[in-house]
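These protein sequences, in sequence, are chains S and R.
Here the first sequence is numbered in my numbering, starting from 1 and rising by one per residue.
Here the second sequence is numbered in my numbering, starting from 141 and rising by one per residue.
These are computed hints drawn from the structure, not numbers from a lab.
We treat Cβ as the ideally placed atom computed from N, Cα and C, and that holds for glycine.
It cannot be assumed that every hint is accurate.
Sample of chain S residues with no beta-carbon within 10 Å of chain R, all distances over it, derived [said to hold, decoys possible]:
1) Gly4
2) Pro5
3) Pro12
4) Gly39
5) Arg41
6) Phe60
7) Val121
8) Ala131
Straight-line distance between alpha carbons at most 30 Å, and here's what the computed DSSO-like set of lysine-lysine pairs gives [unchecked claim]:
9) Lys118(S) to Lys16(S)
10) Lys69(S) to Lys11(S)
11) Lys69(S) to Lys150(R)
12) Lys183(R) to Lys150(R)
13) Lys118(S) to Lys10(S)
14) Lys69(S) to Lys183(R)
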Amino acid sequence: MSGGPELRIKKPEYDKIIAHAYSCLPNEACGIIAGSADGRRRCVGAVYALVNTDASGEHFSIDPGEHLKAVRDARSRGLSPIGNFHSHPSTPARPSEEDIRLAYDRSASYLIVSLAGKEPVLRSFRIENGAASPEEIVIE
Amino acid sequence: MNIVVSGTLKEYPEGLSVSRLIEAENIETPMYVSVSVNDEFVKSGELDSTVLRGGDVVEFLYFMGGGRR
Numbered sequence: 001m002s003g004g005p006e007l008r009i010k011k012p013e014y015d016k017i018i019a020h021a022y023s024c025l026p027n028e029a030c031g032i033i034a035g036s037a038d039g040r041r042r043c044v045g046a047v048y049a050l051v052n053t054d055a056s057g058e059h060f061s062i063d064p065g066e067h068l069k070a071v072r073d074a075r076s077r078g079l080s081p082i083g084n085f086h087s088h089p090s091t092p093a094r095p096s097e098e099d100i101r102l103a104y105d106r107s108a109s110y111l112i113v114s115l116a117g118k119e120p121v122l123r124s125f126r127i128e129n130g131a132a133s134p135e136e137i138v139i140e
Numbered sequence: 141m142n143i144v145v146s147g148t149l150k151e152y153p154e155g156l157s158v159s160r161l162i163e164a165e166n167i168e169t170p171m172y173v174s175v176s177v178n179d180e181f182v183k184s185g186e187l188d189s190t191v192l193r194g195g196d197v198v199e200f201l202y203f204m205g206g207g208r209r
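Extracted from the complex, chain R is given alone in its bound form (with noise of 0.2 Å):
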């Protein structure tokens, strides 16, 4: 199947959840990283069992923070 990947039009086998392609991808520290698949955030109990499919479009989004100290 063929997913977008943070933009990039990627081809995967059918069944991939999304921590697989957490895996595949070499996403680093995942623990800071929010997936979307199609504009809806993937809660992070459900990476196993989000299931893609063709067509789906993931981003990949880093918390973005900081402070003074």
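The following block holds chain S by itself, in its conformation from the complex (with noise of 0.2 Å):
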């Protein structure tokens, strides 16, 4: 126990992620989490598998329209938006600089898979004012 941020995620959660980043190679794959908040822990309710309109390998957007859709079918599920994720087909899964940049909402958790190894790699970090910081994740 850390006492740091916490992100807690149900293993049908996690593995839909994972799918989600495997599915879209060799470009990005990317999504919004939702789910609640309550002080250092945040738990994921559900994922939203998202298009990535840059269909690129090295970048990624999530689709405005597509995002507002996932939002309010979050909120009608008792949700709320917490974050978002995607992943590096041959990085580390660590934000880049201009996943830093470009990391405009500070309240989100930035979660980045890495499918360059064996196995992928989850992990999820809060950005604020340009830094990035680790937040711990619970697979249940």
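Grab the two chains, each in its own frame, and use the hints to assemble them into the complex.
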């Protein structure tokens, strides 16, 4: 127990992120997560796999229309948007300079899944004032 | 009037424009935020002229993207 921020995610939601990341290869995958927040702990209640409108292995952008549909669906289920995820097909699971520069929502959790190794690696970060700090992921 | 802002019911005075709501809600870096009212996006040039009505549902969506560099 680190006492730092924590993101709890159930195995089916974790698997959905990983599966979406593999399904989008060689491009980056992306989506949003919704759930609840209670102090330092966040719980993922739903994962929305969305289209990377950049269709690129080096960039991603979430389509605003898809983003809105996902947020509205989450609201209808009593959930709130709490962050987003994207994949790094061939680089580590840490934010690039561009990821940090474009992280405008400092309330969000930024999840990155790396497919660079034999096994996928999922990490989460909070990004604020140009700095990324890790957020512990607990898979339930 | 009552409007729903980011999933929360709130009370605001009549005649409130979207741009005034952005200020009132202390939305950071608003130039990177898309605003929807009742599931329709408000064009960036129409934030001042779009007046909210009671019962409207507003969402603020930050641009979400990134890259390798």
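We went through each hint and held it up to the structure:
{"no.": "1", "hint": "Gly4", "result": "holds (23 Å)"}
{"no.": "2", "hint": "Pro5", "result": "holds (19 Å)"}
{"no.": "3", "hint": "Pro12", "result": "holds (23 Å)"}
{"no.": "4", "hint": "Gly39", "result": "holds (18 Å)"}
{"no.": "5", "hint": "Arg41", "result": "holds (19 Å)"}
{"no.": "6", "hint": "Phe60", "result": "violated (6 Å)"}
{"no.": "7", "hint": "Val121", "result": "holds (16 Å)"}
{"no.": "8", "hint": "Ala131", "result": "holds (15 Å)"}
{"no.": "9", "hint": "Lys118(S) to Lys16(S)", "result": "holds (18 Å)"}
{"no.": "10", "hint": "Lys69(S) to Lys11(S)", "result": "holds (24 Å)"}
{"no.": "11", "hint": "Lys69(S) to Lys150(R)", "result": "holds (22 Å)"}
{"no.": "12", "hint": "Lys183(R) to Lys150(R)", "result": "holds (23 Å)"}
{"no.": "13", "hint": "Lys118(S) to Lys10(S)", "result": "holds (22 Å)"}
{"no.": "14", "hint": "Lys69(S) to Lys183(R)", "result": "holds (18 Å)"}
Hint 6 alone, counting from the list given before, is not met by this structure.
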